[in-house]
Each structure stands twice: as structure tokens, then as C-alpha cells.
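S.K.: Sequence:
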Amino acid sequence: MAERDPQQILQRLETLKGSRTNFDTLWDEVKLITWPDGGDFIDRRSAGEKTTRRVFEMTAPLALEKFAAAMEAFLTSRTSRWHRLVASDEALNKDAGVKEFFEDAADVLFRIRNSPQARFYGQMHEAYKSLGAYGNSCMFVDEVPSGGIRYRYTHIGQTWIETNFMGVVDTVYYEYELTAKAAIQKWGDDAPGVAKSAIKSDPFAKHKYLHVVRPNEKRDPERADAKGMAFESLEVGIQDQVVIAEGGFEELPYIWSRYTMNPAEMYGRGPGMLVLPEIQTLQEMEKVFLRSGHK
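Just so you know, we're using the numbering used here here: the sequence shown kicks off at 561 and counts up by one.
I should point out that these hints are in silico values taken from the structure, not numbers from a laboratory. The structure displayed is predicted, hence computed values, not measured ones. Using N, Cα and C, we set each Cβ at its ideal position, and we do this for glycine too. This list has only true hints and no planted wrong ones.
Taking lysine-lysine and the DSS-like style, the derived pairs with C-alpha atoms no more than 27 angstroms apart in a straight line are: (1) Lys626 x Lys847; (2) Lys756 x Lys766; (3) Lys756 x Lys768; (4) Lys746 x Lys787.
Label pairs and their in silico Cβ distance ranges: (5) Ala805 x Gly727: 28 to 38 angstroms; (6) Val802 x Lys760: 16 to 26 angstroms; (7) Asp649 x Asp584: 40 to 50 angstroms; (8) Arg641 x Ala765: 44 to 54 angstroms.
Working from the sequences, and respecting the hints, build out all of it.
M.R.: The following block contains the structure:
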């Protein structure tokens, strides 16, 4: 049974962090020479800090850009309709009216994705790079209050998962930071005490929060609100250890992708991890060449 006590939720998060230490260490190593501008795992860098200090040879970073571009071109091209909609009943797909309805619905979906507020293609490019470098990527999809859908690439260094008995991701923990000002804007009077205390003295002070989405084990199918949805959503203030907001989703809003899987592991592995020894060799060869040139 899933616990709603914020302290137990945060304890579970710490357990997930501890069990992924080896992956985080490996991904941090890949990041430094394959995607130096990517998010951090172990070593936390300051904003604006130079990220290419350890990069002497640019084959890997440029190859990652090409990987993302190729994935986009083949799967989600900006210049073509890369999917269509059909009914689950094949007999209906032969009806002209049904075909027209699904064509119109597909037009709406592409128009929504192509809108500036959706940010789909820019965020998808980051997700493809994450997939190439680390073998995992995560995209968060939610509704815009004014109408439409928006997409946000979520750095896997801030995101942890759990899987169900079939190995499918069904629970996501996303840890993030907000300034006191942003927290007040988001939750208003429901914002945690740490944000309310800081808003007057230092509105740009950052505090950590946790978004948990997991199967709703107490789902009531008769209800039309969050309690009747398949997944429950909890926003937790980490410093105050309080549940700030509760909600729900009909489907898991975090889309987690894995490039290739080791059957004994929950997280995926990617091309950047596979060729890491060769990338490191190229870096060392370039350093030797530079030292020889200096001499």
C-alpha cells in the first residue's frame, strides 16, 4: 500500500537514490565528455560555469548531436506527419466519416504540438540526446491552463522510477527547485512555510520540491475527480516535509524511454555508455598530442 506520509515518501526517494548510485556515477562520467552541457548527476556545477574543461576531442559531443538529429528525422520529423489515428475496430476504419474524423483529430494534435507554447520539438531534441548519452530519457506532458498541451524534458539526474510486475515504469519521483517567488505563484496560499518566510526577505531563494506520480491504489471508478483517476499526483515540500498539493492523471504524464535493457536492471543503457572506453581513449590521445606540441 502506497504511503501518503511525506516523511515516508521522502525516505522512499532516498532509498531510490541509494540504489542508483552506480548508474549516477557512470552517467556523470559519460556527461563530462559526451554531453558537457547536460544536467549534473554527482558533481554539481554553478550556473554559467564553463562545461568543456575536460573535453579535448569533440567527436563524441558532435556525434550525440547527430544522433538526436537522426532520431528526430526518422521518428518525429518537423516537416512531416509522423503518425495517424485509427479506430481499434478495423470495420470502423473503412467508414468514410470515421476516417475524416480521425484525420481532423490528427490535424488538431499536430497543430497543438507545433504551437510555441507546446515546445515539443525543442524538448524532444533534448530527450533524444539523453537517450543517446545515457540510454534513458524522460518527458513530462501536461495541460496548459489557457488550453493546449506543453512538453518538458526532465533531466534523469533529477528523476527516479519504479516499475510494476511487468517491468513497465508506473511510478516517477521528480525532484526540482523553485524560488520562493515561483512557489507562491504556483501554489498561492497553499505554498509551504519556507517559501512564505522567504518571499519578503529573499524572493529568489531556491527550495527543493518533489513531484510524485504513482498508481492510485484507492481509485474509485465512480468518481470524476482526482480520486477516480488511474494515477495520483503529490507535490511535496522537501524542507517542510509537507504535502502541498494533490491531484491525479488518467495516464502517467512522465514518458520514460529506455534505449536498451539489461534484464537485471531497471534503468536503460545507451550508445554513449557502450562506446565510453573509446571516447576516453580519444580524449587521452588528444591530450598526449597537445602535450607533445607544447614540448
